[in-house]
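Protein chains in written order, with the numbering used here: chain A, 1 to 110; chain B, 111 to 225.
Hints are computed from structural coordinates only; laboratory data are not their basis.
Watch out, some of these pointers could steer you wrong.
To be verified - Coverage of chain B stretches by chain A, computed from C-beta distances (three or more under 8 Å per stretch; other residues unrestricted):
1) 129 to 143
2) 211 to 219
Stated by the list, open to error - In the PhoX-like style, the derived pairs of lysine-lysine whose C-alpha atoms are separated by at most 25 Å in a straight line are:
3) B/K130 to B/K165
4) B/K165 to A/K42
5) B/K151 to A/K2
6) B/K124 to A/K42
7) B/K165 to B/K176
8) A/K56 to A/K67
9) B/K124 to B/K174
10) A/K2 to A/K67
11) B/K130 to B/K176
12) B/K176 to B/K124
13) B/K151 to B/K176
14) B/K130 to A/K42
Said to hold, decoys possible - Residues of chain A placed beyond 10 Å of chain B at every Cβ, according to the derived structure:
15) S12
16) T24
17) G54
18) D55
19) E57
20) G59
21) Y71
Quick caveat: nothing in here was measured; it's all calculated off a predicted structure.
Built from N, CA and C at the ideal position, the CB exists for glycine as well.
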Amino acid sequence: QKEVEQNSGPLSVPEGAIASLNCTYSDRVSQSFFWYRQYSGKSPELIMSIYSNGDKEDGRFTAQLNKASQYVSLLIRDSQPSDSATYLCAVNLPGNQFYFGTGTSLTVIP
Amino acid sequence: GAVVSQHPSRVICKSGTSVKIECRSLDFQATTMFWYRQFPKQSLMLMATSNEGSKATYEQGVEKDKFLINHASLTLSTLTVTSAHPEDSSFYICSARVGQYSPLHFGNGTRLTVT
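Let the hints inform the model, and build the full structure from the sequences given.
Put into structure tokens, the structure is as follows:
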């Protein structure tokens, strides 16, 4: 079983809609959780960090963490064509262990 | 804050030559840096963890004699691809973080093409 699982997509949403991206992780000692955005040909860019259960909002982005269910999600409100990218979920375990999911490809259709 | 600078951004070299890639943490000290490789349309693959003042830890399947990592200071790690071959052509990305539970911050990556 992979440490971090994501649906590879592609996920397509119309402009202005809410995009919902999901991620599950296998290790219960996971301590911190991150979402990165990666445009084609570029390196990943951090967009959200979340450390405790519940929701964390930053502009159009909301990260949700449920440690009991080992589930992390990212909601993008009012999706824009510029949000079209691959979104990577990442999980931090003790001892410098950092695991990435394979990414979900999102396309926002104008 | 937490800026990671990587140089060069793009390099083309001939088969058999060596290429050095530099990764610097500009506004923080990084005792640990991470080197990733990414082939087109594939996931990030961790190559090695670079530790300041000690030997790097390589992932299974990564040849330590081919991919030389040096982490001589708290702000600089280098990756040298020795005797490069066309199959080494890839996107190499370094990353670092401020603290144990903080996120990784990535450099802009180096696109290596070996002809």
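Compare the distance between the alpha carbons of B/K124 and B/K174 with 25 Å, and conclude whether the hinted pair is satisfied.
Since the Cα atoms of B/K124 and B/K174 sit roughly 21 Å apart, the hinted pair holds (cutoff 25 Å).
Looking at A/D55 again, its CB stays over 10 Å from all of chain B?
18 Å, holds
Whether A/S12 stays farther than 10 Å from all C-beta atoms of chain B, as the label says
With a cut-off of 10 Å, A/S12 remains clear of chain B, as the shortest Cβ separation is near 17 Å.
Within 25 Å, alpha carbon to alpha carbon, are B/K130 and B/K165?
Given pair B/K130, B/K165 holds - Cα atoms ~17 Å apart, limit 25 Å.
Agreement of B/K176 and B/K124 with the hint, judged by alpha carbon distance not exceeding 25 Å:
16 Å, holds
Hint check: B/K130 vs A/K42, CA-CA at most 25 Å. Holds or violated?
20 Å, holds
So A/Y71 supposedly isn't at the interface. Is its beta-carbon more than 10 Å from every beta-carbon in chain B?
19 Å, holds
Agreement of A/K56 and A/K67 with the hint, judged by alpha carbon distance not exceeding 25 Å
Judged against 25 Å, a Cα distance of about 14 Å means the pair holds.
For the region 129 to 143 of chain B, do three or more residues have a beta carbon lying closer than 8 Å to a beta carbon of chain A?
violated (count 1)
Satisfaction of hint between A/K67 and A/K2, Cα-Cα up to 25 Å:
17 Å, holds
Interface exclusion of A/G54 relative to chain B, criterion Cβ beyond 10 Å:
17 Å, holds
Between the alpha carbons of B/K165 and B/K176, is the straight-line distance 25 Å or under?
Roughly 14 Å between the alpha carbons, so the hint for B/K165 and B/K176 holds.
Consistency note: the structure conflicts with the earlier hints numbered 1, 4.
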